[in-house]
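Please construct the entire structure, taking both the sequences and the accompanying hints into account.
Residues per chain, in single letters:
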Amino acid sequence: MSVFLARRLATLLATLLFTSLVVFLVLEVLPGDPAEVILGTEATAETLAALRAKLGLDRPAAERYVTWVAALATGDFGLSHAYSQRIWPLIAERMAVTLPLAVMAMVLTTVLALLLGVYAAAHHNKPADAAIMAVSQLGISIPSFWFAILLILLFAVELGWFSAGGFPGWSKGFWPALQALVLPAAALALVQAAILARITRSAVLETMREDYVRTARAKGLGRDRVLWRHVLRNALVPVVTIMGLQFGNLLTGTIVIEQVFTLPGLGRLVFQAISNRDLALIENVTVLFAFIVVSINFLVDLLYAAIDPRLKARDV
Amino acid sequence: MSLLEVNALRVRLRGPDGPVEAVRGVSFSLDRGQTMGLVGESGCGKSMTALALLGLLPEGGLLHGSVRFEGRELTQLSDRELCRLRGNRIAMVFQEPMTALNPLHSIGRQIAEPLCLHRGLSSEAARGVAGELLHRVGMPDARARLDAYPHQLSGGQRQRALIAMALACEPDLLIADEPTTALDVTIQAQILELIVDLVHERGMALILISHDLGVIAETVERVAVMYAGRIVEMGPVATVFGRLAHPYSRGLFAAIPRIGGGRSGGGRGRLAAIPGRVPDLAALPTGCAFADRCGHAQPVCRLAEPPPLAVGPEHWAACGRLDAVLASDG
Chain A
1 MSVFLARRLA TLLATLLFTS LVVFLVLEVL PGDPAEVILG TEATAETLAA LRAKLGLDRP
61 AAERYVTWVA ALATGDFGLS HAYSQRIWPL IAERMAVTLP LAVMAMVLTT VLALLLGVYA
121 AAHHNKPADA AIMAVSQLGI SIPSFWFAIL LILLFAVELG WFSAGGFPGW SKGFWPALQA
181 LVLPAAALAL VQAAILARIT RSAVLETMRE DYVRTARAKG LGRDRVLWRH VLRNALVPVV
241 TIMGLQFGNL LTGTIVIEQV FTLPGLGRLV FQAISNRDLA LIENVTVLFA FIVVSINFLV
301 DLLYAAIDPR LKARDV
Chain B
1001 MSLLEVNALR VRLRGPDGPV EAVRGVSFSL DRGQTMGLVG ESGCGKSMTA LALLGLLPEG
1061 GLLHGSVRFE GRELTQLSDR ELCRLRGNRI AMVFQEPMTA LNPLHSIGRQ IAEPLCLHRG
1121 LSSEAARGVA GELLHRVGMP DARARLDAYP HQLSGGQRQR ALIAMALACE PDLLIADEPT
1181 TALDVTIQAQ ILELIVDLVH ERGMALILIS HDLGVIAETV ERVAVMYAGR IVEMGPVATV
1241 FGRLAHPYSR GLFAAIPRIG GGRSGGGRGR LAAIPGRVPD LAALPTGCAF ADRCGHAQPV
1301 CRLAEPPPLA VGPEHWAACG RLDAVLASDG
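Line by line, the protein sequences are chains A and B. So the first sequence is residues 1 to 316, counted in the numbering used here. So the second sequence is residues 1001 to 1330, counted in the numbering used here.
Bear in mind the hints are in silico, worked out from the structure with no lab data behind them. Misleading hints may appear alongside valid ones.
As the list claims (entries may be wrong) - Computed footprint of chain A on chain B, listed as stretches where at least three residues anywhere in the stretch have a Cβ under 8 Å from a Cβ of chain A:
#1 1001–1007
#2 1074–1088
#3 1100–1106
#4 1149–1162
#5 1224–1238
To be verified - Restraint ranges, calculated between C-beta atoms of paired labels, are given here:
#6 B:GLY1203 x A:PRO238: 42 to 48 Å
#7 A:ILE142 x B:SER1123: 43 to 49 Å
#8 A:ALA156 x B:GLU1081: 51 to 57 Å
#9 A:ILE142 x B:CYS1116: 42 to 48 Å
Note that the Cβ used here is the ideal one computed from N, Cα and C, for glycine as well.
Right, dumping it as structure tokens:
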């Protein structure tokens, strides 16, 4: 088990290092000078040079990369030029919106997908199965921002159950803040739930054809008991894999959804940083996104081992 | 009253090109403590016959005819009622020990499951019984193996675990579908011996399914040879093997490789193969299904299904040319 863990951790670190390198190089070859953006086109050559020196832009790229990564490793995210403040508090404040949003969307996705997928598989080739598959096909085809607008029109404008956008902040109490995240989370979850429901259904159907399912039936277990005791856990491996990938998708999906609902989240921060050419901020947030996605995949690997005893054995 | 009476059993499966008759009118009966073998090539309907007895046909499978177990008509029972019989009164051991066990549950849990289900034992009590069962089926270090997962066991050990599982509730009828096919030859003999011992020890009836005539000859009292969904020859093992009557049974016997080169069916040196191939069950010819591959076939064979004809006491064969075939022995 420790070998399993160590190997996965090494992969995690290597992925992060590689991501940081790619992000750094891409921004390096991109045209445009941060100093020029900050000072404007009117600035004199001397002030530009002075600022470059202050930002460290005059030093060689390799040196700057190493300094940046070394700082990141100690949790120092550096300074944002556009906001003229330290980046970490900026990110932390936004994460308090985006992370709950993504987690909520993921929970919604999982619950919906497992219920629908298992139900469809248990009623394979019956009308309920066909209906669920048709709805999920529709769900996959609808862009989340359009679905978001529909949700706003129905639940915010027509029924008035939720606000159409904005975020009161967690300081105003747990429920109002949570309420503000319900519609965006639902908009994000729809597509992912539709995909995951289909994956779940086919994984369950696949597993139901296994020999050990027939053995379980021959023992005298009824269809439902076989489904819950023998099929579901075996079908979970592909489902968990997709869930890991989907969490990454949900994070990037927040960039669009936070715009639609005007939520002060990480996605919105990235959007603004790109328009402001705030390179330090873009770099750091991108690596942070990568860190979250890679950590989720690490978690998924751990889940595999918890689900399937064979995986533990193989890696030791 | 016989323990099991199967009458005119038919199984129709959903094939890729429409329905396929996998079993076409199989009848036999079995008393308590009796053992019988079903033998034939793959696809002859022997496994489908077994699954039909348990009511576990694949999705879309249709069953006709009658299966009476202790006088109860099983084909009329609901799935819930069948569940009370399966694993309790009728148990089955499957062919592939590698895939027939759930990879995510310990074998102790899997053996205990029917005990909790049918006997209402607590999981602790069931675990105790499971340990005894594992010990009885010859699992080395049985109690310690309760927590082992299937991937930690060898093929033979897994088959022992599956047999322990089938025995858990002391069934009246054990169906073993090719229980040794996936195992090494040395292990095969041990597992067969174990099954025979257990059947005698507990007075169970046994249906042993195999494509291996040698296995059948050593293990059971009666044999039924199946071809294209029908029983073509049946009788006591000693009588049938003493005087094989149906041309298909003879072909099957002649196709067994033997050390030393001597062959019962053909000449020396070459293995006798049955000419032609197993007919497509979706497009069976009228008359005898074996006619196209049979050296004795005459036009009359293609007119109607041959009825069973007596060869000897309790020994019959469904061959329209039986007299000619038997006369050819000289």
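Going down the list of hints, with the structure as the test:
1. 1001–1007: violated (count 0)
2. 1074–1088: Coverage by chain A holds here, the residue count being 8 at a Cβ distance below 8 Å.
3. 1100–1106: Result for this restraint: holds, n = 6.
4. 1149–1162: Per the Cβ count (4), the hint holds.
5. 1224–1238: violated (count 0)
6. B:GLY1203 x A:PRO238: 42 to 48 Å: At roughly 46 Å between Cβ atoms, PRO238 (chain A) and GLY1203 (chain B) fall inside 42 to 48 Å, so the hint holds.
7. A:ILE142 x B:SER1123: 43 to 49 Å: holds (47 Å)
8. A:ALA156 x B:GLU1081: 51 to 57 Å: This hint holds: roughly 54 Å between Cβ atoms.
9. A:ILE142 x B:CYS1116: 42 to 48 Å: For CYS1116 (chain B) against ILE142 (chain A), whose Cβ atoms are near 46 Å apart, the range 42 to 48 Å holds.
Going down the numbered hints, you'll see the structure goes against 1, 5, while the others check out.
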